[in-house]
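Asks: Sequence:
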Amino acid sequence: MLNIHNLSVSFQGEYLFEEVTFRLGEGDRVGLVGKNGAGKSTMLRIISREQEYDTGQIATDKDIQIGFLKQDIDFVEGRTVLEESYQAFELIKTLEKRLEEINTQLAERTDYESEFYHDLMVELNEVQQQYEIHGGYNYQGETERILMGLGFNREDFNRITDTFSGGWRMRIELAKLLLQNNDVLLLDEPTNHLDIESIIWLEGFLRNYAGAVVIVSHDRMFLDNVTNRTIEISLGKIYDYPKPYSEYLVLRKEMREQQMAAQKNQQKEIEQTEKLIEKFRAKASKATMAQSLIKKLNRMDVIEVDEDDNSVMTLNFPVSVVPGKVVIEADGVKKSYGEKKVLDGIDLLVERDSKTAFVGQNGQGKSTLAKIIVDEITHEGTLKLGHNVQIGYFAQNQADHLDGSKTVLDTMIDAANEKNRSKVRDILGSFLFRGDEVEKYVRVLSGGERNRLALAKLMLQPFNVLVMDEPTNHLDIKSKNVLKEALKRFEGTLLIVSHDRDFLQGLTNTVYEFRNHKIKEYLGDIDYYLEKRAVENLRDLEKKDPKAKVKAETTVTKDSYKDQKKIKSLSNQLSNIESEVNKLERQMKTMDEELAADYEKTSSNPDFFDKYQAKKKKVEQLMEKWETISIELESYS
Numbered sequence: 001m002l003n004i005h006n007l008s009v010s011f012q013g014e015y016l017f018e019e020v021t022f023r024l025g026e027g028d029r030v031g032l033v034g035k036n037g038a039g040k041s042t043m044l045r046i047i048s049r050e051q052e053y054d055t056g057q058i059a060t061d062k063d064i065q066i067g068f069l070k071q072d073i074d075f076v077e078g079r080t081v082l083e084e085s086y087q088a089f090e091l092i093k094t095l096e097k098r099l100e101e102i103n104t105q106l107a108e109r110t111d112y113e114s115e116f117y118h119d120l121m122v123e124l125n126e127v128q129q130q131y132e133i134h135g136g137y138n139y140q141g142e143t144e145r146i147l148m149g150l151g152f153n154r155e156d157f158n159r160i161t162d163t164f165s166g167g168w169r170m171r172i173e174l175a176k177l178l179l180q181n182n183d184v185l186l187l188d189e190p191t192n193h194l195d196i197e198s199i200i201w202l203e204g205f206l207r208n209y210a211g212a213v214v215i216v217s218h219d220r221m222f223l224d225n226v227t228n229r230t231i232e233i234s235l236g237k238i239y240d241y242p243k244p245y246s247e248y249l250v251l252r253k254e255m256r257e258q259q260m261a262a263q264k265n266q267q268k269e270i271e272q273t274e275k276l277i278e279k280f281r282a283k284a285s286k287a288t289m290a291q292s293l294i295k296k297l298n299r300m301d302v303i304e305v306d307e308d309d310n311s312v313m314t315l316n317f318p319v320s321v322v323p324g325k326v327v328i329e330a331d332g333v334k335k336s337y338g339e340k341k342v343l344d345g346i347d348l349l350v351e352r353d354s355k356t357a358f359v360g361q362n363g364q365g366k367s368t369l370a371k372i373i374v375d376e377i378t379h380e381g382t383l384k385l386g387h388n389v390q391i392g393y394f395a396q397n398q399a400d401h402l403d404g405s406k407t408v409l410d411t412m413i414d415a416a417n418e419k420n421r422s423k424v425r426d427i428l429g430s431f432l433f434r435g436d437e438v439e440k441y442v443r444v445l446s447g448g449e450r451n452r453l454a455l456a457k458l459m460l461q462p463f464n465v466l467v468m469d470e471p472t473n474h475l476d477i478k479s480k481n482v483l484k485e486a487l488k489r490f491e492g493t494l495l496i497v498s499h500d501r502d503f504l505q506g507l508t509n510t511v512y513e514f515r516n517h518k519i520k521e522y523l524g525d526i527d528y529y530l531e532k533r534a535v536e537n538l539r540d541l542e543k544k545d546p547k548a549k550v551k552a553e554t555t556v557t558k559d560s561y562k563d564q565k566k567i568k569s570l571s572n573q574l575s576n577i578e579s580e581v582n583k584l585e586r587q588m589k590t591m592d593e594e595l596a597a598d599y600e601k602t603s604s605n606p607d608f609f610d611k612y613q614a615k616k617k618k619v620e621q622l623m624e625k626w627e628t629i630s631i632e633l634e635s636y637s
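By full-length UniProt numbering, the letter at position 517 of the sequence shown is numbered 517, and the numbering carries on one by one without gaps.
Any given hint might turn out to be false.
Mimicking DSSO-like on lysine-lysine, the simulated pairs with C-alpha atoms at most 27 Å apart in a straight line are [said to hold, decoys possible]:
1) Lys520 <-> Lys334
2) Lys355 <-> Lys518
3) Lys70 <-> Lys406
4) Lys601 <-> Lys589
Keep in mind the hints are simulated off the structure, nothing from the lab.
Based on the provided sequences and hints, a complete structural model is requested.
Replies: Dropping the structure here:
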């Protein structure tokens, strides 16, 4: 499908990667991983033909279609969510427009016997056939299915995209890509703006995707659940294994250990051979033997151990002063944006040293409440901070507020005060900005490097309460682990907005779920929250039976176990149907291409349209079955 051979790319005189070779085939779901700045996004831009490379070759199948989800997107203003999503169907929309033009002309003309009228009727028939072949009668339903899977409600479909946040616009762009039936999907941080439920839906979609998928992500659980192959870019080389990320880490560690053992044994052999050479050189009778040993050494392939980039940032969050027992108290907090209600009657009590997670779908008010707590936006109701509370705030778009025209060093110096200005270089060093790297302009930094710089700036202010809104966006997996461990050690109060399950596991002791303008408290970590949500869904099914309700609240009963098995069975059926539909649609796409390449020859085959219609009917039957199963599955939520 796509071959990359001896690809090299340099930046400012240094290679990002050198003579890299790998192949992408159908069914490959690749996790492209590596440290921030290693060249992951650059690789995606090169594969998508958006960026040139220095040397090497990229060979692809003829007419291959590549879809690329970038971090920066531009929308045409004034379109609704549906109108923007329909941009995925360029050919269908062109045919739709032509059908409208033909029908308008036919309605206005009365010369029914004329040659022009006859030609219009012939063209109408041809355009209708093409419209049907390319899915013109199905695309609207498929669009709604994908949008709802990504978290949109039906009432959102006719809203103007201008009214949505950047995260929701990214979801629309992702929906467009998923609707296009591309041969290769390139996804740069697709989960950054998704809530947990949408991530789980996307995992299911990608697992059944028939083409090739390359994913840059720092969500370890997402990579493990979706990918079947890992390519790591490290120190200009790639390491390619047919395993998900966690299994790849184990394999790579084992390989390095084997290499080190083999290298150690070889080194012993070399030392012994060199001793023999020195010994034999002194004797004329052994000179021939010495020359033979020298040739043996020269022929020996020296075993090298793969280099491993283990540099990580050093991070500790010191507490400024000890605050009072209650650090945040909210009573009846409300917030609306125009007619759109976001929060309604929020009561919240946060005590000193607690670690709290805000979770829920995007748009439910998590970031809004965080901004209210740090006094960034106005609100109704009362919110009070406790005695001696000093808040440190890391906003979701914190990195976007950095000035691209400044250097890394200037950014920090300008944010420092007289007391900590002398510590700026030390702080930057602990965040991996060392030597000449501090002279880099912010505009050339990768997303992860900008996030690291934003975290470094946070260290210049005193705080005992830390409010963080999606701090892991763009951070590489090693940096995320360092941040997580630092937050575990943090002796102050933590409030964190995140959708990253792996990052939240074991980090917080309280979870607040945001839903329908309200919040609900769960006294446990993210795993406890997800477990309780599942129990509540089952309880809702049994509201009419008080005894069953008591059972559901205590433990997993036989009835609930049967329900769980049923849910799993229905989910598997959906996945199988989606896989079969994808397969049939790819076969129909091939037939479309055959028809477009030689219409007369293909259309003269009497079996061609019969086979096409049979596949089309099968897809319709499968979609009807999909809807039936989906409705049944929704009854369990």
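Asks: Now tell me if each hint is right for this structure.
Replies: Hint by hint, here is what the structure shows:
1. Restraint check for Lys520 and Lys334: the C-alpha separation of about 15 Å stays at or below 27 Å, so the hint holds.
2. At roughly 20 Å between alpha-carbon atoms, Lys355 and Lys518 fall within 27 Å of each other, so this suggested pair holds.
3. Restraint check for Lys70 and Lys406: satisfied, since their Cα atoms lie roughly 24 Å apart, inside the 27 Å limit.
4. Between Lys601 and Lys589 the alpha-carbon distance is near 17 Å, which keeps this suggested pair within the 27 Å criterion.
Every hint, counting from the list given before, is met by this structure.
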